[in-house]
Every structure is written in C-alpha cells, then in structure tokens.
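A.B. asks: Now for the letters of each chain:
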Amino acid sequence: MIDYVPIGLQLVAAVVLAGALLGLSTWLGNPRNSRTDLSPYECGVDPIEPAGKRYTVRFYMVAMLFILFDIEAAFLYPWATIFRDLGPRGLFEMAVFIGVLLVGFLYCWRRGALDWD
Amino acid sequence: MDPDIARVLVESAVKIALFFFILLTVVAYMTLVERRVSAWIQDRQGPNRVGPLGLLQPLADGIKFLFKEEVTPPHVYRPVYLLAPMLIFVPALVTFSVIPIGPALELFGQRVRLQIADVDNGVLVILAFASMGVYGIALAGWSSSNKYSLMGALRSSAQLISYELAMGLSIVGVLMAAGSLRLNDIVQHQIEHGWNLIWQLPGFLIFLTAAFAETNRLPFDLPEAETELVAGYHTEYSGMRFSMFYMAEYANMVTASALAVTLYCGGYHVPGLHLLRLPEPAAALVQVLAFGLKVGFFLFLYVWVRWTLPRFRYDQLMNLGWKVLLPVAVLHILWVSFLVLMNWT
Amino acid sequence: MEGPYIAPDPPRFVVDRLNGRFPGSVLDVAEFRGEITVVVAKDALLDVTLFLRDDPETAFDMLTVVTGTHYLDRDYDYEVLYHLYSLPKNHRLRLKVRLREGDTVSSVTPVWPGANWPEREARASSGPSMRPVPAEGEDYLHGETMVVNMGPSHPSTHGVLRLVLTLDGEVVKAVQPHVGYLHRGMEKIAEGMTYNQFVPYTDRLDYLAPLSNNVGFILAVEKLLGITVPARAQVIRVMGCEIARISAHLLWLGTGALDLGAATVFFHTFRERETLYNIIEALTGTRMTTSYTRVGGLARDLPPGWTEQVRAFLGTFPAALDELDALLTRNTIWMKRTQGIGRISARDAIALGLTGPNLRGTGVAYDVRRTEPYSGYETYEFDVPVGATGDAYDRYLVRLEEMRQSVKILDQALRRLPDGPISVDDPKITLPKKERVLTSMEELIEQFMIVTEGIKGPVGEVYHAIEAPKGELGFYIKSEGDKSPYRLQIRSPSFINLQAIETMAVGGLLSDLIAVVASLDPVMGEVDR
Amino acid sequence: MTIHLLLGLVLILFVFAAVRALAPSRALLAGTVLGIGALALLAVNYQALLSPEFWAGLIGFVAILSALMVVIHPNPMVSILFLIVNLFCIALFYLILRAEFLAVLQIIIYAGAIMVLFVFVVMLLNLKAEEGLRLGGGPQRWGALLLAVVFVLLMFHALHDRSDQPYVEPGAFESGFGSARALGGLLFSRYLVAFEAASLLLIAGMVGAVVVAKRKVG
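Residue numbers (my numbering), protein chains in the order written: chain H, 1 to 117; chain G, 118 to 462; chain L, 463 to 991; chain R, 992 to 1209.
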C-alpha cells in the first residue's frame, strides 16, 4: 500500500500546480468581457437554436459496448499474469470465455451496432 | 514519525518536483519542436526570433498564455466548465508516475529507484489514469453549451474509449510474456529475453495506433478537427484554460511514448551495455539517456506523422478501432499464448 | 481531343422551329455579333424552354445564367434574359421575356434546376418576379436534429460562405447555403464607369485568378466592339490565363488538403504559388490585383527577363507537382476521404449548370477553350481531362491534370511568342504613346477623348465566356451606345457551382461536407460579386 | 486520538458548509480560516495521520458526503461527478485493505467505463437541471420512503449488533494478498465456473444493448 503513497502525493502536487496556473492566469488575465466575447461561438452569427438537444443514440451504443469489453479486459489481466503457470489449460479456459464474447461481438457487428452511417 | 514513511515522503517529494520540472520543460519544448519540425517538413523557417534558434519561444508562449484574457461566457455551466481543464490536466501529469526511466541505483547511501512509484499494478495504474482523461473532454464540451463543443466532446469521448479498449487488449500480450503487471518486471523480462517489439510486432502496432488516437493526434485528431468543428470541445475556452488542454495533450504524448518504450522497446535497456563494465552511476546515466532518446524518437514520430497524413473521417476511425484493431488484438493474444506455451519469449 | 476550331454557328433555325411549334409566341428576333436573341411571350416561356431543352435539334440542356434588366423608358419595365447553351450541339441562344411592373413569369426551375439561384439573384437585383418562388427562409427540419451554422466565419468554408446545417448526429440531413456576405454591387457599379475603368473590379471576382478575369471581361468588351487584338497580346493573354489557372488550382489543392488535415500540402502549394506571384508581380506590378488587360490589348508589354522567369518555373513545377501528387493521390486516407464522396451524376451536373472541373469530373468534356476558343486557344495542343464518377476524388484528379496541361500550354506559348504590338492600332480604343501625346496635337486630343469620354460601344448585347479556373466565366454586356454598359451581368462559375452543394452533401457525414466544399472550390469574391 | 482528529475535521467542514449556505460572500474567507485551522489540527495530531483508521474514517466521510451530493444536487452532471468521487473513495478503501488490484480495477471499470456511459446519457439526452429536480410520481415516492425506512432499520441493526472486536488489521493480510496473480489463481481454479458464467452475463448485456438501441434507431 505504501507503494501507492507517492502517486497520491503526485496527484496532490498536480492539483496544486493546475490550480496555481489557473489562479495565476485568472489574476493576470484581466477579462474585458465585451458582448461579442461572451456570445456562444457559432461561426460569427447568432445561433439558430440553442445547443442542448437530444443527440444520436449511436454514442450510447459505443459506451455500452465499451463497458462490456473493458470488463473482458479486466478478466484478461490476472489471467495474463499467471498464464505461464496455467499452461494450455489456461488457454482453453480463456478461449471459452473469449469465444462466448466473440459470438456477442459478431452479433453486434452483424446487427450493425458498430456501423456509423 | 515512522522513519520509513518519512523516507518515502521526502524521496517522492524530491522526485515529483524534479519530474514536474522535466515534464513541463519537455512539454514546452515539444511545442517548439513541433513547430520547427513542421516548418522543416513544410519548407519554411518556423519560430526563430525569440532567443537563439527560437529557443526562448516556449517561455514567451507561456508568459503570453498567463496574460491572455480569460473569457468565461455566461452561457456555460460554470462549476463544470472551470473543473474540466483540471480534469484533463491532472491525470496527464500523474500518469507518468509509474514508468521507470532508469535502473535502481545507490544514491546517498540509499537504494533509489528512478521512478516515482514502483507499484505492483503499474500498467493498470496507467490505464486507470488514462481512462480519467475522457471526463475532462466530455465535461468541457458539455458545459460549454455550444454545438461544436458538444459534437467535439462526444466524438472525442467515443474515440478515446474505443481506442482505450484496443490499447488495453494489445498490452495483454506484454503482460503474458512478463507474467507481471509491474513495469519494472516487464523491463527486466525484456532485458533477459529481448525486446517485446521483436515477438509482439502486431501488438506494438495496435498499441502505437491506439496511442495516437488516445492523444488526439493526426490522423485521429477528429475531436478538434479544426476544419470541421472549429476547435471541438475547447471552442469556448481561452487563455490558460485553453492552453491546459494543449499541455495535457503534449504530456500525454510524452507518457504514451514512454509507455511504448517501456512495454515494447526494452525501457531503459541498452543492449550490450554490461560488456562495457561501466561504474553503476555512469551506466545508469547512459540508460536514462537511452530512455530519453527512445522517447524522443516516438515524440518525433508523432510530429512526423501529424504533418504528413490527412485526417480520418469519424466513421472510418471508429471502424478502424472496433472492426480492425479490436479483433486483431484478440488474435494477437492467441499468438502470444502460442509463443509463451512454446517458451519462445 | 485536338480538333479544328469549330466556330459556334448561330442557331438561326431555332426561330423557325419555335414559330412552327408555338405560333405567335416569338415576339422579336435579333442577331448581333453572331448571337441570336429571341423575345418570347411571357406566358409561353415554360413551354418554349421545355421544348428547347427536349427537342433533339436544339437540345439546350444547360441554362448558363439569368439576367434581369430594368428599363425606365420603354413600354415594358423589365426584361428577363435566359442564356441557354447546348452541350451536344455547342450553340447558344438568348431568350427574353418582357414584363411590366407587377407581372410575374413562371420560374424555369422545372426545366433547369440550376435556374434556382440565378433567378433569385435576378429578382433580388433587378426586381422582376418569377413564380413559383423557390423556398427561401427559415425552413429548417426540427425534431431529433440539430441546426448549426457553419460559417460565415468557419475555417473551412473558404470565405464568408454560411451553411445552415441540419444534423442528425454526424449525418447531414439538410444544407442551406446563405450567400451575400461579400456583396459589393459590382454589376451596378459597372453601369457608371467606362469599360477600362471596370477592369480593376474584375480582379476581385475570383481573386485567385485575376489575370483570367481581366481577360474574360475584356474579351466580352472586344466582342461588343467587334475588334481582335494582335497576336502577341493574344499569346500573353493565354499565358496570363494559364498562370492564373495553375495558381488558383494550387490554392484549391492546398486548402482542400488542409481541410482534410493534410497541412503540409498547403505549405508546399504556397511555395509554388510564391514563384507564380513573383512572375505576376514582374508582369503587372502587383501580386493580386493585376488589372492587366485593356480594351484592345494589354496594359504594358512583357518586362525584360520575364519569359526566362516563366521558363524557370516550368522547369521546376512539374517535379513539385509530382511531389504533391505522391503525397495524396495514392494515400489511403486521402482516397477514403474523397472517393465516392460528394458524387454527382453528369445529368444532374448539367441540369444544375455546373461547369469547369466540377462538370468535367463527371465525365463531360466541356471546356470553353475547346468549344468556343478565344485568344487562339484552338491552335494549342492540350487535353481536357475528365473524370468518371463525379466524386470529390475525380474532381481532384481533374484539377491536378489541368495544372499539367496548363504547363503544356505555357510551354507552347513561350515557344511561339511573336514580336509586335500588344494593342490594336485604333486611336478611338487605345491610348497613344506618351511621347506622341506630349509632342503632337492629334494624339493629345485622342488621349483626351479616351480618358474623359471613354470608349463608346455600339448598341447591342453580347455574352462572352472564357474557361476560368473555376469554370465558365461569362460576361453579358448590354450596350445602349454609351461609354458604360447599360447592364452588365457576370456569370460567375462559383455562384452556379455552389448550387450543387445540396445534391452532393445531403446524406453524407459532416466530415464529407468539408470534402465537398473543398472539392467544389468556391471563391466567395466571385459568388457574391 | 484518531477519532478526535477526524471529528475535528468533520466539524470544520460543517462550519464551512453552514457559512456557505448562510453567507456565501464570506465563504472564501471562512474557507481560508478553517483550512488553516484544519492544517493546524493535522500538524498537532500528525501521528494519527499514519494510522489506517484515520484515513478509513476520512475517506468514509468523503464517501458519504459525495453519496449525499449525488442524491441532492439538482444538476445530473454534477451528481455524476460526485458519484465518481464516491467510487474513488471505494477504490481507496480497497487500497487500504490491500486489495490493490481490485482498487485499480474499481477505477478502470466503475469510474472509467460505467460512469462514462452515465456521462454520455446526460450529454445525449441533455437533461436540464430543472428536469433532474422533478420528483417522480406517487409509487416512486412511496417506494423511496419505504426503502429509506428499510435502510435506517438495516443500519440500526448493523450498528447495534456490531462486535467490539476491531476489524482485521490491514497488516494481518499476507503479502501479495490482493495482487493480480493471487486473484487470477483463485479465479482460474476455485471460481472457474463463475468466471465462465460471467461471459454469459456479458453477452447478455451486449445483446440487450443492441436490441434496445437498434429498436430506437429503426
């Protein structure tokens, strides 16, 4: 556990550094806040409709599939570290696991979940 | 106070301070390198006025960014808008902490590792921090209440997570070979059995591609894609907040290059160095320099590719990630298991 | 496709056919400088145009431009002119309808969809009303889509083009171009100045090819006056046009590549353009606003050493072009981004009035330099490259090859460059030599008359087109016998070509839209005038 | 000692929260003063900083606070951010308990993947703060009340019947207890069936996602 303490320290240091940079520039960067500065950027004209409408569901699919494959990868890491000890048996066990997931992956592919247009 | 803890604290404090100095300097000079190399590629001069050879340009840029007007538009959702640059900058600074830049050596009577944290799950710590980067981008785009920002943020987040998968799977091969998640073990394994680059070329290529995509560099720079989305998720940012996104990008490039070196190119390993029988500090110095050179090569590659290739279209990018890299990464795992079973690596 | 010069024969037979088919509809016929103008009854317009398009003898498949002219002193208030062109027959015809204030005339968009923008422009600039009015205004799709402005201030709309996009995710559901941010009223300005005075305005049309615009305008004036310039001037004009073409295409290549992320190509094209600008500067004294032509000839002769400068450029440029070619043509990402993107069929392209590389990309070898040669283009040997599928990649290949052909033409021009005068020897048209003005009374008076009175054109109307880098650049001049045109209409290729953006971009992704705009190569100075 | 330090810090936080709620303009000043106070408190009690109990308590406090914010904050995106903080706290708990591999996985999967989906949902639907505030209908309200009662009872039971034995000292675990190798060893021997069954769970999730999303699109 003590191995992780330096990471925590670095995290704190990074936050302090980032905060200091932002604070310094806010202090020095003297905003004038003219009307044009403050309008939302939309290529030099007023927006036709406000941002913030529903967006395409495709991104949701990506996030969903990402979770599932991320979990798959999470199972692969401990397996990878002891693979040498497990030997061919380990390969078989993982092959079953990945095989099942690949079927799911192919299903997604065939159903067009990975298509964008 | 427990002397053990005190030692760890002092040692890490010194290392962190040193590391931040080095990393921020490298990041600053990468911007200069980028501009000079791009100028060289494009048959022009590049910045050469501030200081000799333009060497003070990054300093001038830094000062400029500090004094730039910080615009906080009224239509943004303030708390999240202000938090987003931090969320992207902080993980970028922390990710490097587990990467060893040289062997352990005797210093002031202590065994000092040239690495901030030598942890058991080093590879995963990097992936964990890398996976945090997506929030900065997503929240920056969302809180800006701007259509270009939102589109850029969604594109970028989806891209990041897609290539995170490919990257995560490509690394598995390295873990299998080394039998450990500790980066030092991985380097040690390569010192003993040869660089992973040799046996795991497909994995390396997937990793490299994913690393380009994870750092939003051409040909995968769609999140910004200035000719399409103006500036993508950071359209509404200015001044230091804007430059933080860029510093994070360059810091991530450095980390990704260092990771590529550590996982595939033997880390700080210099083949045949032991034959020279150098004293330990000298050998360590050579190895640290070798590490720096290898990282430098990858950084140059980043710049080189950026100024050579056009940009992918969004669907092509996603197809590459999901329909090519992902299946190939799985096949690569099979290939490495074969290697390991045959005891070839 | 080297061939003999085919002088477009005025299609006089059209009048008989129209009289036979629509008795009483043809109100008037006029012929001037080999151009036929037919005035038809306004109620018969739609039938007449449909017939002219579909009849295999007339086959007017393309509407070049629509002009609206306002009169104050006639028994009608407006004239609406339709300039027609037939690709298969290679002849032109001008149709006119006459309207009183408050009259309306049917829109010809059912016949030629490309009439949409020209008609709207004619209505906006001159007043006559055309029904049915094409949809205009805030007619956006709502629902699960997002409406976003791309432009007027956007990195890849090439100037102040504003596209209102309706997006479903990344998919473009509708594109509505809004133009006019750069409108300067050039055509109106022309009505108040002499012909030579208007030359600098043409610089600002396609400001990437001013030399070519100068030539286009001045040729129309010369057609009106019925004069031909000496051989040396013709050759120099051809060289100017081709230099302009290379320069404009280089800029298109650079910005087009930049739009798709290949920044280096941009800088490499600019290196070559720099050389060209030096050449242009040596020739005209300025780099961009050249104003090089004068009625009856050129502003000045070639400077010493200029031909060597051009020759040196011709020596290095092909290699530089090959390098750019190597960076993109077989680049997988580039091919993926442009092949099959922004595709348009030859049929649609003709119906919309597309010209230039955009039309040739679809496989139609229409090049004004070939069909109606001017300045002696019929004597040069060059190919007209065409594409096959009409996608962005084909347009890219066509323009790339056109630069190579321009090099070829420049090379031939350099070889044949004759000695001799650069202007016609007519004291009513060209200024006398300065020394003579200061020493001789007669020349002094001639100079005085030209400078103060300008050049008076005969009564009549002409349309003359050249092959500008962007396509058919035509000038319609209506002269009432004054020193200024009564009405000047510029048929700018970018304006008409931009109409195709909807056909090309809808259904594609946002990123494809960028490729489409880049491959269409619009220049806003020319679109808005 | 440890518990007093913890309580002191918690008190400071509450004072700050109260000042912020009652007089927002003074919040910055109050925050500075209290921050210095907290640092002083920590300096005096630095020995306590070394005990896992202190950190467990502090993290627990942050975890509870962030969990509360998830529920009460009107903006759904901020709720998600607090949920991420909460998940980080749990990862830190794992770390304290020496389950290091699990701690990192907690961050990668929960904070790094599942919360991304949440963020996407908020971004895609573009929930407004007002919409987030809207209360559910009758059944939802009664259900919430019922669950709250059950939760209170459960907590009461747990606290009332707790044994006085301290929890297992973190140091008591053998070294390498929480490593990937140890976990892998268990996973591929004792819990092999569960591991393989997990793949079926994942494929079910995949098919479900595709079916739901495709129906929406088509």
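It is possible that some hints are incorrect.
[Stated by the list, open to error] Sample of chain G residues with no beta-carbon within 12 Å of chain R, all distances over it, derived:
#1 140
#2 149
#3 220
#4 221
#5 251
#6 270
#7 282
#8 421
[As the list claims (entries may be wrong)] With the C-beta cut set under 10 Å, the calculated list includes, among others, these residues of chain R facing chain G:
#9 1041
#10 1072
#11 1088
#12 1092
#13 1110
#14 1151
#15 1171
Hints listed in this document are in silico derivations from the structure and should not be mistaken for laboratory results. Glycine included, every Cβ here is placed at the ideal spot set by N, Cα and C.
A.B. asks: Now look at each hint and say whether the structure bears it out.
C.D. replies: For each hint, the structure was consulted:
no. : hint : verdict
1   : 140  : 22 Å, holds
2   : 149  : 33 Å, holds
3   : 220  : 23 Å, holds
4   : 221  : 20 Å, holds
5   : 251  : 6 Å, violated
6   : 270  : 7 Å, violated
7   : 282  : 9 Å, violated
8   : 421  : 31 Å, holds
9   : 1041 : 6 Å, holds
10  : 1072 : 7 Å, holds
11  : 1088 : 15 Å, violated
12  : 1092 : 6 Å, holds
13  : 1110 : 5 Å, holds
14  : 1151 : 36 Å, violated
15  : 1171 : 5 Å, holds
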